[in-house]
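Spelled out, the chains give:
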Amino acid sequence: KNEVEQSPQNLTAQEGEFITINCSYSVGISALHWLQQHPGGGIVSLFMLSSGKKKHGRLIATINIQEKHSSLHITASHPRDSAVYICAVRSQGAQKLVFGQGTRLTINP
Amino acid sequence: SQTIHQWPATLVQPVGSPLSLECTVEGTSNPNLYWYRQAAGRGLQLLFYSVGIGQISSEVPQNLSASRPQDRQFILSSKKLLLSDSGFYLCAWSIGTPQETQYFGPGTRLLVL
Numbered sequence: 335k336n337e338v339e340q341s342p343q344n345l346t347a348q349e350g351e352f353i354t355i356n357c358s359y360s361v362g363i364s365a366l367h368w369l370q371q372h373p374g375g376g377i378v379s380l381f382m383l384s385s386g387k388k389k390h391g392r393l394i395a396t397i398n399i400q401e402k403h404s405s406l407h408i409t410a411s412h413p414r415d416s417a418v419y420i421c422a423v424r425s426q427g428a429q430k431l432v433f434g435q436g437t438r439l440t441i442n443p
Numbered sequence: 002s003q004t005i006h007q008w009p010a011t012l013v014q015p016v017g018s019p020l021s022l023e024c025t026v027e028g029t030s031n032p033n034l035y036w037y038r039q040a041a042g043r044g045l046q047l048l049f050y051s052v053g054i055g056q057i058s059s060e061v062p063q064n065l066s067a068s069r070p071q072d073r074q075f076i077l078s079s080k081k082l083l084l085s086d087s088g089f090y091l092c093a094w095s096i097g098t099p100q101e102t103q104y105f106g107p108g109t110r111l112l113v114l
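For the record, the sequence lines run as chains V and E.
Take 335 as the starting number for the first sequence in the working numbering and just add one per residue.
Take 2 as the starting number for the second sequence in the working numbering and just add one per residue.
Any given hint could be a false lead.
A few chain E positions that, by computed beta-carbon distances, are all more than 10 Å from chain V [what the hints assert, rightly or not]:
hint, residue
1, Gln46
2, Gln63
3, Ser68
4, Arg110
Computed cross-link-like contacts, SDA-like style, restricted to lysine to any residue with a CA-CA straight-line distance of at most 25 Å [to be verified]:
hint, chain 1, residue 1, chain 2, residue 2
5, V, Lys388, V, His407
6, E, Lys81, E, Arg43
7, V, Lys430, E, Arg43
8, V, Lys430, E, Ser78
9, V, Lys430, E, Val16
10, V, Lys430, E, Asp86
11, V, Lys430, E, Gly42
12, V, Lys430, E, Ile54
13, V, Lys430, V, His412
14, V, Lys389, E, Ile54
15, V, Lys430, E, Arg73
16, V, Lys402, E, Glu101
17, V, Lys389, E, Ile96
18, V, Lys388, E, Gly97
19, V, Lys430, E, Pro107
20, V, Lys430, E, Gln71
21, V, Lys388, E, Pro70
22, V, Lys387, E, His6
23, V, Lys387, E, Thr102
24, V, Lys387, E, Gly97
25, V, Lys388, E, Glu101
26, V, Lys430, E, Ser79
27, V, Lys388, E, Asp86
28, E, Lys80, E, His6
29, V, Lys388, V, Lys430
30, V, Lys387, E, Ser58
31, V, Lys430, E, Gln74
32, V, Lys430, E, Pro15
33, V, Lys430, V, Gly391
34, V, Lys388, E, Thr102
35, V, Lys430, E, Leu114
36, V, Lys430, E, Glu23
37, V, Lys388, E, Ile96
38, V, Lys389, E, Tyr104
39, V, Lys430, E, Val13
Don't read these hints as lab results, they were simulated from the structure.
As the structure is a computational prediction, the values presented were derived from the model and not from experiment.
Idealized CB from N, CA, C, for every residue including glycine.
Generate coordinates for the entire structure from the input sequences, incorporating the hints supplied.
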């Protein structure tokens, strides 16, 4: 079993829909990251959080430390949101990040 | 502002040939530097990270090596490429505590034939 599991693996939705991507992990962590990888391969860091909730524009990330679970939400989704969304965690005391397999999101106009 | 450069952007190499990928960071000092590989259809895998000049930690045993000859330069090398080395190689940097955000370069797409 992977340390970081994401669901769903693939998600297709219509423009305007509310999107939720989930991430579960099995180890104690010091931080969780959400990343966005565009079709060309470039990766952008969206959020880093260790508790609670963060919001940036139409993106919202939440984390529940007790349940070892995080969600990434996109409100009023748009075709330009189409990308692979990757969850990554840093174990307590570790230097490296452990990555989930990613969720491929496609938003149709 | 900080920027990270990687080159080349794409590379096609024959099996058994050597490899050198370069990553440089501008606008910051003493960054933590990382090399990742993303094989087709798979997640990111950390290959090497460095917290300072000449300090390299290897995460996965393989025929690749990394060097950090200067503070903001990180090089990924191989003496003889294997087919399984094909993938998308990403360099990243960060500053400060272990919880810091990592900033990724544009990546190098390597195809070994």
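Regarding the pair Lys430 of chain V and Gln74 of chain E, is the alpha-carbon distance no greater than 25 Å?
Answer holds: Lys430 of chain V to Gln74 of chain E is near 19 Å, not above 25 Å.
Next pair to validate is Lys389 of chain V with Ile54 of chain E; report whether the Cα-Cα distance is within 25 Å.
violated (36 Å)
For the pair supplied as a hint, Lys388 of chain V and Gly97 of chain E, is the alpha-carbon distance within the 25 Å limit?
Holds, because 21 Å separates the two Cα atoms, which is no more than 25 Å.
For the pair we were handed, Lys388 of chain V and Thr102 of chain E, check the Cα-Cα distance against 25 Å.
holds (14 Å)
Keeping to a limit of 25 Å between CA atoms, is the pair of Lys388 of chain V and Pro70 of chain E held or broken?
violated (38 Å)
Does the alpha-carbon distance linking Lys388 of chain V and Lys430 of chain V stay inside the 25 Å limit?
holds (23 Å)
Far enough from chain V: is every CB of that chain over 10 Å from the CB of Gln46 of chain E?
violated (8 Å)
Restraint check for Lys430 of chain V with Glu23 of chain E, where alpha carbons must lie at most 25 Å apart:
Between Lys430 of chain V and Glu23 of chain E the Cα gap is close to 21 Å, so the pair holds against 25 Å.
Take a quick look at whether Lys430 of chain V and Asp86 of chain E sit within 25 Å of each other, Cα to Cα.
holds (21 Å)
When you check the alpha-carbon spacing of Lys387 of chain V and Gly97 of chain E, does it fall within 25 Å?
Holds, because 23 Å separates the two Cα atoms, which is no more than 25 Å.
Are the Cα positions of Lys430 of chain V and Pro107 of chain E separated by 25 Å at most?
The given pair, whose Cα atoms are some 20 Å apart, holds under the 25 Å limit.
Between Lys430 of chain V and Ser78 of chain E, is the straight-line Cα distance small enough, at 25 Å or below?
Roughly 21 Å separates the two Cα atoms, so the pair holds.
Hint violations for this structure: numbers 1, 4, 9, 13, 14, 21, 22, 27, 30, 32, 33, 35 and 39, all remaining hints satisfied.
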